[in-house]
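Enquirer: Those protein sequences? They're chains F and S, same order as listed. With my numbering, the residue at position 53 of the first sequence is 53, and numbering never jumps. To convert, take the position in the second sequence, counting from 1, and add 250; that gives my numbering.
The set of hints was computed from the structure by calculation and includes no laboratory data. Built from N, CA and C at the ideal position, the CB exists for glycine as well. Heads up, some of the hints might be wrong.
Here are the simulated lysine to aspartate or glutamate pairs, EDC-like style, with alpha carbons at most 20 Å apart [unchecked claim]:
1) F/K76 / S/E418
2) F/K118 / F/E164
3) F/K76 / F/E65
4) F/K118 / F/E138
5) F/K194 / F/E124
6) S/K410 / S/E477
7) F/K125 / F/E65
8) F/K91 / S/E418
9) F/K109 / S/E418
Now the in silico label distances, taken between C-beta atoms and shown as ranges [unchecked claim]:
10) F/Y142 / S/Y344: 48 to 58 Å
11) S/S252 / F/D178: 42 to 52 Å
12) F/Y142 / S/E296: 48 to 58 Å
13) S/A440 / F/E124: 38 to 48 Å
14) F/T56 / S/I364: 34 to 44 Å
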Amino acid sequence: MGQSLTIRNLNAWYGDNQTLKGINMEIPANQVTAIIGPSGCGKSTFVRCINRMHDTVPGARAAGEILLDGENIYAKDPVELRRTVGMVFQKPNPFPAMSIYDNVVAGLKLNGLRNKQKLRAAAEKSLRMAALWDEVNERLNYSGMSLSGGQQQRLCIARALAVEPSVLLMDEPASALDPIATLRIEELILELKKDYTIVIVTHNMQQAARIADSTAFFLNGELIEHGPTSEIFMNPKEKRTEDYITGRFG
Amino acid sequence: MSSRLRKYRNALMLGIFTLCTLLALIPLFGVLGYVVKNGISALNLEFFTSLPQPMGVAGGGMANAIVGTLILIAIAGVLGIPTGILAAIYLTEYDRVSWLSTLVRFTTDVLTGIPSIIIGIVVYTTLVMKTGNFSAFAGGVALAIIMVPLVIRSTEEMLKLVPQTIREAGYALGIPRWRTILRIVLPTAAKGILTGAMLAVARAAGETAPLLFTALGNQYWAHSLNEPIAALPLQIYQYATSPYKDWHRQAWAGSLVLIFLVIILSFVARLAFRNRKNF
Ligand SMILES: Nc1ncnc2c1ncn2[C@@H]1O[C@H](COP(=O)(O)OP(=O)(O)O)[C@@H](O)[C@H]1O
Ligand SMILES: [Mg+2]
Numbered sequence: 001m002g003q004s005l006t007i008r009n010l011n012a013w014y015g016d017n018q019t020l021k022g023i024n025m026e027i028p029a030n031q032v033t034a035i036i037g038p039s040g041c042g043k044s045t046f047v048r049c050i051n052r053m054h055d056t057v058p059g060a061r062a063a064g065e066i067l068l069d070g071e072n073i074y075a076k077d078p079v080e081l082r083r084t085v086g087m088v089f090q091k092p093n094p095f096p097a098m099s100i101y102d103n104v105v106a107g108l109k110l111n112g113l114r115n116k117q118k119l120r121a122a123a124e125k126s127l128r129m130a131a132l133w134d135e136v137n138e139r140l141n142y143s144g145m146s147l148s149g150g151q152q153q154r155l156c157i158a159r160a161l162a163v164e165p166s167v168l169l170m171d172e173p174a175s176a177l178d179p180i181a182t183l184r185i186e187e188l189i190l191e192l193k194k195d196y197t198i199v200i201v202t203h204n205m206q207q208a209a210r211i212a213d214s215t216a217f218f219l220n221g222e223l224i225e226h227g228p229t230s231e232i233f234m235n236p237k238e239k240r241t242e243d244y245i246t247g248r249f250g
Numbered sequence: 251m252s253s254r255l256r257k258y259r260n261a262l263m264l265g266i267f268t269l270c271t272l273l274a275l276i277p278l279f280g281v282l283g284y285v286v287k288n289g290i291s292a293l294n295l296e297f298f299t300s301l302p303q304p305m306g307v308a309g310g311g312m313a314n315a316i317v318g319t320l321i322l323i324a325i326a327g328v329l330g331i332p333t334g335i336l337a338a339i340y341l342t343e344y345d346r347v348s349w350l351s352t353l354v355r356f357t358t359d360v361l362t363g364i365p366s367i368i369i370g371i372v373v374y375t376t377l378v379m380k381t382g383n384f385s386a387f388a389g390g391v392a393l394a395i396i397m398v399p400l401v402i403r404s405t406e407e408m409l410k411l412v413p414q415t416i417r418e419a420g421y422a423l424g425i426p427r428w429r430t431i432l433r434i435v436l437p438t439a440a441k442g443i444l445t446g447a448m449l450a451v452a453r454a455a456g457e458t459a460p461l462l463f464t465a466l467g468n469q470y471w472a473h474s475l476n477e478p479i480a481a482l483p484l485q486i487y488q489y490a491t492s493p494y495k496d497w498h499r500q501a502w503a504g505s506l507v508l509i510f511l512v513i514i515l516s517f518v519a520r521l522a523f524r525n526r527k528n529f
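Just chain S, same shape as in the assembly (with noise of 0.2 Å):
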C-alpha cells in the first residue's frame, strides 16, 4: 500500500473521531447552555432565600429546597460514604478471594446498575410504610444506597494502588495490621478517596427518582429529618410539570443552582484529584 494512501486513510479517521467528539459535546453544551440561559433570569436574592409562593401567586424561591438538598446529601454521605469505604477496606485489605467478597463485589455491580426509581421502592415499601411517613431520613437512605456501591469501587481501586512495600513496611515496624491499614494505607490513598466520595455525592444530588417516594417534597422548612423534605430535583420536577410561567422560570433557576452545586462538587474533587500523585 502506498504510504500516500495511508496518510489519507489516517486523516480521514482522524476526521470521523474529531466529528464524533464534537457530536457528542453539543448536546452537553446544548444543555448547559440553554439551562443557563433560561435560568440566570429567574435568579435573584428572593431565589435562594424565600420558600415557595402557594399555587398561582407570584414570586417565591426555592430556598427550602437547596437546604434541603444539602441536609439529604448530608445524610447520605453520612451513612454512604464511611460504610463504603470500610467494606472496600475488608475487599481489598482483607479478602480479595472468599465467596464472600465475590458476593459483595458482584452485588456492588449489579446495585450500580440498577435503577434508582427502584432503589426508592424499596426504601418506601420498607422504611417510609413501616415508619409510615415520608422522611428526610428514608430520602438520606436511598441516596447513601446509591452511593454506596460507588464508594467501594472507587475506594477500592484507590486502595490497590497503594504499593504493597507501603504495608510491609507498616508490618516491618511491629505495627498492627489494622492500624497499618487505618493510619498508613488510608491516608496514603486518602485523597484519591475523597475524590472517589465526591463524585458519589454529586451523583446523589442530582437524582430524582429515589426521593419521589421517600423525601417527597415539602412546600415549606422541614423540622425534623422524620418530616418530608424538599429537595432541589423534586422541585423542579414539580415546577417544570405546572401550568405556570412563573413556576417554569423557577424550575429553570433551580436546575442552574443543581448543576452549579454538582459542578462545584466535582470540580473540588477533580482538583484534589490532580494532586493525588504522591506514590
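If we strip away everything but chain F, and leave its shape as in the complex, we get (with noise of 0.2 Å):
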C-alpha cells in the first residue's frame, strides 16, 4: 500500500545557494502527484529530499520536516528509508555489467537475500508491474543494456518495485523517451498507483494533466499553488500559475 507524505517547511541548499524555500505540502497515498515550474527550479531538489538523496551530494543539506505516515523520515537510517521511498530517474540507468534479471533483484540481492525462489519470484512480480515481463522473460540473462530505451526506462521501474517501496518518486521519467514509450510509461504509473503512492516530477503539462490526481507548481523554490489537476489546469488561483500553465514563461 501507499503511503502518504506531509512536507512541514522544507528548505534545501546547495552550498550558500537556496533552492528550496518553506514548502508545505500534503501528498496522499495512493494518488499521482506532479510537480511542475521551469528549468531550475527546484523540481529535482525537492524529490531528492523524499528520499534524502539530496543529503549524499557534497556540500548539500536541508532543514524541516517531512513525515511518512506520520513519522518524521529524518529520524530513521537513509539507507533503509531508500527501500521505503524508490526512486526512477530522468535518464534510464540500469547496471551496465548486469543481466537484465540481476538489474531487477539487485536491490534485494545487495540487500542480503539470498533464496533463489524468492528471487526469481520477486523478478517476475516486479516486471509484470513494470508491463515489461512480456518483452523480456525470454532473454532474462542479456544485458539490461541490450534493451531499448523505453524498456531501460520499466526495466529501471521493476528494479525500484522489487525492494516494495510504499513511495515512487519518478524524476521526469518519460523525457529521454520517444512519444510511445512515454505513453506506456503513463499506463504504467495510472495502474501502478493503486499500489503506490506517486510523486512525479514532469516538464510536460499535458502529461501531468493525463495522469496526475494533483499538480504543484513550483516556482525559484517556491510552492506557489498545489491542488487537484483540473483546478490547476483550468482555474488557477494564483496569476504565476496561469501564466506558466499558459505559456507565457517557462
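Bring the two chains, given one by one in their own frames, into a single complex with the hints.
Expert: Structure below.
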C-alpha cells in the first residue's frame, strides 16, 4: 500500500545557494502527484529530499520536516528509508555490468536476500508490474543495456518496485523517451498508483494533465500552488501559475 | 591567401607528419625484427625445458628464468593490483579533495617517474638487508611498487567514467555505499580496470634494474620465495654481457620470449578494452 507524505517548512541548500524555500505540502497516499515548473525551480531537489538523496550531494543540506505516514524521515536511517521510498531517474540507468534479471533483483540481492526462488518470484512480479515481463521473460540473462530506451526505463521501474517501496519518486521519467514509450510509462503509472504513492516531476504539462490527481507548481524554489490537477490547469488561483500554464514564461 | 597555396601547405604539413610517424616506427620495427631474426634460431624445446648450463658449456635453456618471471609478476600482481585498485577507490569514491588524496595523487605521479633502479635500491636496503637474503619475494615487492601507481592511475580514470547516476541508482535502492561501490561501480568499470592492471603487469615483466639486487637471479630452480630466483631480464643481461657465443644466442632467444610475453599481455588487455563500451 502507498503511504502519505506531509512536508512541513522544507528548505534545501547547495552550499550557500538556497534551492527550496519553506515548502509545505500534503501528498496523499495512492495518488499521482505531479510537480511542474520551469527548469531550475527546484523540482528535482524537492523529490531528492524525500528519499534523502539530496543529503548525498557534497555540500548540500536540508532543513524542515518530511513525515512519511506521520513519521519524520530525518529520524530514520537514510539507507533504510530508500527501501521504502523508491526512485526512478530521468535517464534510464540500468546497471551496465548486470543482466536484466540481476538488475531487477539488485536491490534485494545486494541487501542480503539469497533465496533463489524468492528472488525469481520477486523478479517476475516486478517485471509484470512494470509491464515488461512479456517482452523480456525469454532473455532475462541478456544485458540490461540490450533493451530499448523505453524498455530500459521500465526495467528501472521494475528494479525500484522489487524492493517493495510504498512511495515511488519519478524525476522526469519519460523525458528521454519517444512518444510511444512515454505513453506506456504513463499507462504504467496509472496502474501503479493502486499500490504506490507516486510523485512525478514532469516538464510536460499534458503529461501532468493526463496522469496526475493533483499538481504542484514550483517557481524559484517556492511552492506557488498545489491542488487537484483539473483546478490547476483550468482555474488556477495564482496569476503566476496561469502565466506558466498558458506558456507565458518557462 | 590563395587556396592553391593553402592546399600546398596542407599537403606539405601532412607529408611532414607522415614522415615523422614513419621515423618513429623504424626503431620499433627495427628492434622487433632484430630480436626475431636473432632469437628464433636459438629457440628450441631445450630452451624452454632445461636449466642453464655451466659457464662455457653449450646448450641448456632458460626454463627457470621463464618460470621465475611468471612467479615474480604473480607476486607483484597479487600485492600491487589490489592495493592499487583499493587506493583508487578511496581516491575517486570517498575522497577527491582532502590533503590525504592530494598527497597520494602527488606521490603517485612522482612514483611513476622515479627510475626503477631506485625502487630496487630501496627494497634492497629495507627488505633484503633486513632479512639478510635476496629473494623472489623482494623482487616481487619491487615490481609491485612499480605497478601500484600505474594501477592507481588507470583505475581512477576508469572509475571516473562510471556515470554518477549509476551510483545514485544503487543508493536509491537502499544499497549501502560501500556495497554499491564494490558490487555495482567496480564491475561496471571492471574491464577497463583489468586492462590497466594487465598493462602494469606487462610493464613490470620487462623490468631489469629493480631485480638486480632483490631477486638477484639464480642458475637453478628456486625452491622457495625466500631464495634468489631467476628472471628473464636478469638472465638476458647476464648472458648478453658474457663472452660466449652460445650465451649470446640464448640472450636473443630470451629477449624474444620476453617480448612475446609482454605482447601477449598487452594484446589480451587491449582485447578486453575493445568491448568495454558498455556505458
Ligand atoms: N548538485 C548541485 N550542486 C549545486 N547546485 C545545484 C545542484 N543541483 C541543482 N542545483 C541548483 O539548484 C537549483 C534547482 O535545481 P533542480 O532541483 O535540479 O531544478 P529542476 O529539477 O526544477 O530543473 C538550480 O539552480 C540548480 O542550478
Ligand atoms: Mg530536474
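Enquirer: Which of the numbered hints are not met once you compare them with the structure shown?
Expert: 6, 7, 10 and 13
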